[in-house]
Structure formats: C-alpha cells, structure tokens
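Colleague: Residue strings, one per chain:
2 protein chains.
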Amino acid sequence: MSYIQKVSSYIEKNRSEYERLLQEMVQQPSKAGGESGIQDIVEKRLSEKGFDVDRWELDYEALSKHTYFCASRPDFTGSENVVGVLKGEGEGKSLILNGHVDVVPEGERVQWEHDPYSGAIRGNKLFGRGATDMKGGNLSALLAVEAIQALGIKLKGDIIFQSVVEEESGGSGTLAAIERGYTADAALIPEPTNMTIFPKQQGSMWFKVHIYGKSAHGGTRYEGVSAIQKVHTVHEAILQLEQERNERLDSPLYEGNPIPVPINVGKIAGGTWPSSVPDQVTIEGRMGVIPGEDLLEAKAALEAKLAALAKEDSWFAEAPVEVEWFGARWLPGEIEDDHPFLHSLIQAYHSYKNEDPVLKASPWGTDGGLLTALRGIPAVVFGPGETSMAHYPNEFINLDHVFEAAVIMAETILQWCEVASVNESVH
Amino acid sequence: MSYIQKVSSYIEKNRSEYERLLQEMVQQPSKAGGESGIQDIVEKRLSEKGFDVDRWELDYEALSKHTYFCASRPDFTGSENVVGVLKGEGEGKSLILNGHVDVVPEGERVQWEHDPYSGAIRGNKLFGRGATDMKGGNLSALLAVEAIQALGIKLKGDIIFQSVVEEESGGSGTLAAIERGYTADAALIPEPTNMTIFPKQQGSMWFKVHIYGKSAHGGTRYEGVSAIQKVHTVHEAILQLEQERNERLDSPLYEGNPIPVPINVGKIAGGTWPSSVPDQVTIEGRMGVIPGEDLLEAKAALEAKLAALAKEDSWFAEAPVEVEWFGARWLPGEIEDDHPFLHSLIQAYHSYKNEDPVLKASPWGTDGGLLTALRGIPAVVFGPGETSMAHYPNEFINLDHVFEAAVIMAETILQWCEVASVNESVH
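Protein sequence lines correspond, in order, to chains A and B.
In terms of this note's numbering, the first sequence has 121 at position 121, counting the first letter as 1, and numbering is strictly consecutive.
In terms of this note's numbering, the second sequence has 353 at position 353, counting the first letter as 1, and numbering is strictly consecutive.
There may be inaccurate statements among the hints.
In this list, chains with the same sequence are indistinguishable; a pair is considered to hold if it fits within one copy or across any two.
Mimicking DSBU-like on lysine-lysine, the simulated pairs with C-alpha atoms at most 30 Å apart in a straight line are [said to hold, decoys possible]: (1) Lys214 to Lys125; (2) Lys305 to Lys214; (3) Lys299 to Lys214; (4) Lys13 to Lys154; (5) Lys360 to Lys214; (6) Lys125 to Lys44; (7) Lys87 to Lys360.
Think of the hints as simulated: they come from the structure by calculation, not from any bench.
Let the hints inform the model, and build the full structure from the sequences given.
Modeller: What follows is the structure, encoded as structure tokens:
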C-alpha cells in the first residue's frame with residue numbers, strides 16, 4: 001500500500017473529526033485584532049500532536065521599524081502568532097507550512113444566507129468567512145502532517161507550521177515569524193488556488209498619483225488647465241509602462257495571460273466644484289510587482305515614466321505629477337522552475353490525481369513573498385480554496401478539495417522531508 | 001450745464017454720505033438667511049426717498065412649485081425681498097434696477113486682512129464681503145435715482161428698484177419678484193462687470209454623468225472594464241459638443257473669446273479600492289447655456305451626445321452613461337443688439353467717459369436671465385465691481401467706479417425713462 005493510499009485511508013476514517021475541527025475554526029470570527037480564539041484552537045491542537053509550540057504577541061514597536069513593515073492598524077495588542085515545530089530526525093530538508101488565520105470583515109449580514117461564522121455544512125460545502133481564505137487550506141496542511149504522524153512516520157526534515165496573523169493587512173504576522181528566526185529550505189502556502197500550483201506569485205504595491213491643473217471659472221475654462229483632462233495623459237503613460245513591463249516576461253507560466261503583471265488604476269477623486277476648472281486630481285492604483293523584481297526597482301520605473309511626461313507635455317514640466325506609495329503592498333514570491341520541492345509537489349499531485357497539475361503565475365501575492373524576499377526561501381502556493389470565493393459573501397470551501405489537498409501535501413512532505421523511520425505498530 | 005454735469009456735481013457734494021451708506025450695507029453680513037439687516041437699510045432709504053415700498057418674505061411652498069425654482073436651502077424664513085417703485089408721470093418707459101443683497105460666505109477669517117464685514121476704506125477702496133458682488137453696484141443704481149430726484153426731475157417712466165435675496169443660490173428672490181407681478185420695459189443689473197457692458201449673459205446648468213464599468217481584481221484587470229478609462233471617451237464627447245455649439249455662435253460679442261459658452265467638467269470621483277477595477281465614476285460639470293437658448297434644448301443636446309456614444313463603443317450600449325441635472329442653474333439673459341435701452345446705456349457711457357464702452361457676452365448668468373426668460377424683459381448687466389474680486393477674500397470695490405457708474409446710470413435712466421418735468425427750485 002502506497003503512502004498516498006495510507007494517507008487517504010486515514011483521512012477517510014477521520015473525515016468527520018476534521019470537518020468538525022474546520023467548523024470550529026471557521027466559527028471563530030478572527031478579523032484583525034480578534035484572532036485569539038482561532039489561535040487557541042491551533043495552539044491546543046499542535047501541542048496535543050507533539051509540536052514544540054511558540055505563541056507570542058506581535059511587537060508593533062519593533063516591527064514598525066522594518067523596511068518591509070506594512071500595516072493598517074496602529075497596534076497589535078492581542079494579535080498573536082502560533083508556530084509549531086515538529087523536529088525531524090535530522091539530515092532532511094525543512095519545510096514551512098504558512099497560513100494566515102485573520103479574515104477580512106464579513107460585510108453586510110443580509111448578503112449572507114447563513115450566519116457569516118456558522119461553519120454550516122451543506123452537502124460538500126462548508127460555509128463561512130475565512131472558509132476558503134484560508135482556514136480550509138490551513139486544515140489541509142495540518143491534516144497532512146497529522147496523517148503522516150498517524151502512520152507512525154518520523155521525518156528527517158523539520159516541519160514549521162506557521163499560523164500567522166495580519167496577512168490581509170500587510171504581512172506583519174509572517175514578518176514577525178521571520179524576525180523570530182524561523183526559516184526553512186522551502187515553503188508551502190495553502191492560499192486558495194483552486195488546486196492550481198503557483199510557482200510565481202505577483203507582488204503588488206499601492207500608489208497615488210497627484211495630478212495638478214490650474215483653477216479658473218468654468219465660464220472661462222480656457223483660462224485654466226483641467227487636471228481631469230490631464231489624467232488621461234497620465235493613465236496612458238501608466239498603461240504604456242504596463243505594456244513595456246509585460247513584454248519582457250517570458251516564463252511559460254505567463255502564457256495565455258493577456259496582462260500577467262498589470263497596473264490597475266482603481267480610484268479617482270478631484271476637483272471641488274462643478275463650475276470650476278479642477279486644479280487637482282488624485283488617482284489610486286495597484287502596481288503589480290514581477291516575481292524576482294525588487295520593490296524599489298518597480299517604484300522607480302513608475303516614477304521615471306511619469307517624470308518623463310514633462311518632455312511630451314510642457315504642462316507637466318510646470319506642474320509635475322507626484323507619486324506617493326501608500327497602504328498595502330505584497331512582495332512577489334517564487335520558486336525556481338526546476339526546484340526539487342516544486343518537483344515533489346507536481347509529482348505528488350500527479351501520483352494522486354493521475355493528471356498533470358495546472359501551473360500558473362498568480363495574479364496576487366501572499367506572505368510567501370516575504371519569505372522569498374527576506375530569507376531567500378523558495379515559496380509555492382497551492383491550496384483547496386477558490387479565489388473567486390475569497391472576500392465575498394457566502395464564502396464556502398469544497399470539503400473534497402480540502403481532503404484531496406491534504407493527501408497531495410502529505411505526499412509532497414514525504415518526498416521533500418523524507419521518511420526517517422516508520423513505526424508500524426502505530427496503526 | 002448738462003445732466004451729466006449736474007449729477008456729477010451732486011455726487012461730488014454728497015460723496016462721503018454715500019460712502020458711509022455703502023459701508024453700512026457692507027457691514028451687514030447678509031449671507032443666505034441673514035438678509036434682514038441690509039433690507040432694513042434699503043427699506044428705510046427707499047421710504048425716505050418717496051418710493052412705494054413693498055417688503056415680503058419669500059413663500060418657499062409656492063416658489064418651489066415653479067419650473068425655474070432652484071434653491072440650496074430648505075426654507076426662506078426671514079428672507080425678505082424689498083421692492084421700491086418710483087412711479088413716473090406716465091407715458092414713459094419703465095426700468096427695473098435689480099440687485100441682490102445676499103453675499104457668499106466669507107470663508108476663512110485668516111485670509112482676510114480686515115474683518116470680512118468691516119467696510120474699511122483704504123484710499124480708493126472699500127473692503128468687505130459683498131462690496132463688489134454686489135452692494136457697490138446696488139449703491140450706484142440707488143444713487144443714480146436719488147441724484148435725479150435731487151435735481152428736481154420727475155421721470156415719465158417708472159423705476160422699479162428691486163433689492164432681492166437668494167441670487168447666489170438660484171434666483172428665488174427675483175423669481176418671487178416676478179411672481180408678485182413686477183415687470184418693466186427693460187432691466188439693468190449692476191453686477192460686477194468692471195464697467196463693461198454685457199448685453200448677453202451666459203446661462204449655466206450643473207450636471208452629473210454617471211459612467212459605469214465592470215469590476216474585477218486589479219491583478220486580473222483584463223477581466224473588467226475600467227470606468228476611469230471610459231471617462232476619457234465621455235469627456236471627449238463633451239468637448240466635441242462644446243465645439244459644435246460654439247461654432248454656431250456668430251455675434252460680434254463673442255469675438256476673440258476662444259470658447260464663448262464652455263462646458264466645464266469640474267469634479268470627478270469613482271472607484272472604491274486601488275486594487276479593484278472601478279465599476280463606477282461620476283463627473284460633475286457646468287454646461288453653459290447660450291443666450292436665447294432654452295434650458296431643455298441645452299439639456300437634450302448633452303443627453304443626445306452621450307447617448308450616441310453607444311454607436312461608437314459597444315460598452316456604452318451595454319452600460320449607458322446616465323445624465324443627471326442637479327444643483328444650481330442660471331438662465332441666460334440678453335437684450336437685442338439694437339435695443340434703445342442698450343443704446344441709451346452706450347451713449348451715456350460715451351458722453352461721460354468720452355470713449356466707447358467695451359461690450360461683451362458675459363461668461364456667467366445673473367438674475368436678468370429670469371427676467372428675460374419669464375417675462376421677456378430685455379436685460380443688460382453693467383456695474384462697477386470687478387468679477388475677479390467676487391467670492392474671494394479681501395473683496396473690495398473701487399469707489400471711483402461706484403460713483404462713475406452712478407453718473408452713467410443716471411444719464412441712462414434720463415434717456416430711457418425720459419424727463420417729465422424739472423423743478424428748478426429743488427437745488
């Protein structure tokens with residue numbers, strides 16, 4: 001009997017227990033600042049399973065000094081990370097399993113069929129905020145390790161199970177885990193990919209561009225310069241930069257994607273009065289950061305493109321646009337195309353599903369970006385949730401996918417961390 | 001001695017009295033809803049000078065049913081018009097002198113050198129909110145009539161001196177005077193023109209255009225349609241309409257004006273998140289209305305232009321833009337090029353100043369538009385204030401201009417209303 005069969009059999013027998021555990025996790029309304037309940041569950045579980053458990057509150061003061069710090073909250077009181085380490089027997093490769101427990105707000109109750117934190121199971125679906133993003137994926141990863149334990153297997157390499165906070169608002173949980181010294185030879189992030197493998201994860205940064213005009217009365221608008229009209233020139237330059245950046249991309253992971261790393265302008269506001277020529281408009285957007293690209297390089301590219309407008313339009317020489325970087329940003333993450341951990345994951349998928357997995361570059365970043373950028377840890381994203389569900393009302397996860405992902409992850413772990421010994425008496 | 005000389009001489013002798021009167025007027029902070037103080041002064045003065053005085057509070061209920069009603073306030077309690085009629089001896093042409101007493105808010109105190117309602121005189125300038133817009137002009141008109149009275153002259157035609165409220169927020173004061181039955185053969189509006197004569201006054205209306213897109217995540221922006229990008233197409237169509245409308249204008253009054261009747265887009269807001277494709281943007285603007293043009297015609301022209309976008313861009317067929325008319329509007333006003341009242345004013349100006357006046361089409365509307373549109377009263381705008389001062393901190397009026405305008409207005413009145421008799425014993 002192969003390990004895949006044994007793991008599947010373990011899951012088959014214990015499926016209802018894990019469904020209940022996922023229900024309990026989803027029933028915790030773990031929005032930013034309210035993660036204690038879910039971390040209690042995770043801490044207890046990891047302790048019971050023999051992990052060395054480390055639980056600590058994030059140090060806002062210390063973290064906020066970090067170059068890559070990014071948060072929308074003014075303090076982290078009560079926001080605690082839980083990391084469980086399952087030491088290997090030695091001489092194996094280590095693996096970080098990193099998943100966040102914070103969820104985005106549930107929005108309007110009326111848009112939800114069930115209570116947003118019901119964890120209700122209907123057929124094959126488990127409903128609730130965070131089910132897909134990403135408590136379902138976290139359960140897959142935990143179950144993968146527990147199944148390996150249940151089979152009496154000791155691994156050579158260490159497993160570092162990171163249950164982090166603050167992913168949705170900038171990654172301070174993972175940053176704190178990095179700063180605490182946790183590292184590994186590879187990382188798996190079970191964010192919702194709908195069982196697709198993302199060896200490259202697009203980063204992103206938010207920007208504002210302030211565009212200036214010259215005020216005048218609307219009845220003599222020819223005496224002014226409309227900042228609203230100037231937005232078009234700026235937007236065109238942004239789209240041109242987007243095109244130039246995307247033309248350079250040649251990984252097969254980007255094939256068929258019309259704009260692999262887009263620059264989106266999402267918000268606009270300007271002018272103060274219908275009958276005045278607007279002298280100021282601000283646009284806000286999201287610039288995709290290419291896997292492997294430095295954030296500062298990406299920033300410089302946008303700034304240079306917009307500074308160059310002064311050469312084409314003398315107005316911009318007189319009143320240059322101003323670029324401001326603000327709010328959230330996610331670092332791009334990646335794993336080399338021929339990295340053995342990626343190979344293990346692909347092979348595990350193929351062995352279990354009897355088909356090749358879909359490999360793509362993700363249109364969004366994860367905490368894996370911090371691991372790659374700060375500690376050079378190759379990171380791959382693969383999980384059972386569906387991106388299209390994340391952040392929406394009536395979020396649910398397909399339970400079959402949770403258990404399928406667990407089998408694939410277990411097989412991947414066995415390949416990567418390697419089996420040190422098997423105690424056949426355990427089952 | 002000509003009448004011009006006699007009027008000038010009267011003003012010369014009584015200049016300090018009128019400066020004090022204007023000071024008192026400017027010292028009244030007559031913002032919308034607070035016009036009682038200034039109307040007390042006007043009422044008293046008109047009564048003393050033998051006008052039949054009519055003072056009444058605006059009837060919000062009745063006015064709000066009117067097609068041309070437009071107000072930013074929910075009631076007019078305490079907002080009273082004052083109209084003084086100086087009956088002529090008969091068989092003469094009548095004249096409305098219409099000026100508003102409401103002023104726009106003074107804004108930030110720190111931006112003013114003197115108290116905004118000081119009425120401080122420094123050299124030739126009288127400072128204060130409303131000095132130029134338009135208490136200075138009102139004083140010129142009042143003084144013109146008082147000078148004629150002081151010379152012992154009885155006119156053939158009636159003078160209807162209208163001291164109205166609510167001009168700054170939609171013209172309900174003048175609308176109320178019209179509804180009360182006041183009419184005349186011509187009207188002079190001493191709004192700030194800097195001694196230029198405006199035989200045509202541009203009207204204006206405010207509009208919103210709601211532009212729709214299709215939401216998507218910024219990382220896959222190609223799955224959405226950006227409402228911000230669609231704004232450009234809408235704005236281009238608006239500018240094209242502006243050009244078409246202005247190409248039709250052929251009055252010499254528009255000569256040298258690059259865009260006599262502009263359509264200004266003054267405000268923009270849309271999108272909710274930097275990393276989402278924006279599915280909605282609203283622009284707000286001011287559409288100039290051509291003198292002689294019906295408001296409904298102008299509205300239909302913009303609506304048709306934007307509806308036609310669906311033919312050029314299938315997105316607009318799927319998600320048509322919506323046009324909304326809101327907020328303020330001013331009707332266009334005018335007087336025929338060869339109208340004898342205009343001729344009287346031009347001639348009076350020339351006789352006094354020994355030079356031709358500048359005639360132009362104004363880039364903004366006045367309450368004269370209501371008089372022209374509702375009662376067919378030819379209206380001309382001419383006053384001592386400076387447009388560039390209106391609504392700004394440190395507003396002032398040039399006192400010499402106030403008294404010069406008064407002489408020109410007196411001479412115009414004598415020409416238009418005609419002298420019935422002169423009682424030489426008066427002076």
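Colleague: Does each hint hold? Answer for all of them.
Modeller: Hint by hint, here is what the structure shows:
no.: 1; hint: Lys214 to Lys125; result: between (56 Å within a copy, 28 Å between copies)
no.: 2; hint: Lys305 to Lys214; result: both (23 Å within a copy, 27 Å between copies)
no.: 3; hint: Lys299 to Lys214; result: both (27 Å within a copy, 27 Å between copies)
no.: 4; hint: Lys13 to Lys154; result: within (21 Å within a copy, 112 Å between copies)
no.: 5; hint: Lys360 to Lys214; result: between (46 Å within a copy, 24 Å between copies)
no.: 6; hint: Lys125 to Lys44; result: within (26 Å within a copy, 82 Å between copies)
no.: 7; hint: Lys87 to Lys360; result: neither (32 Å within a copy, 88 Å between copies)
Consistency with the previously given hints fails for number 7 only.
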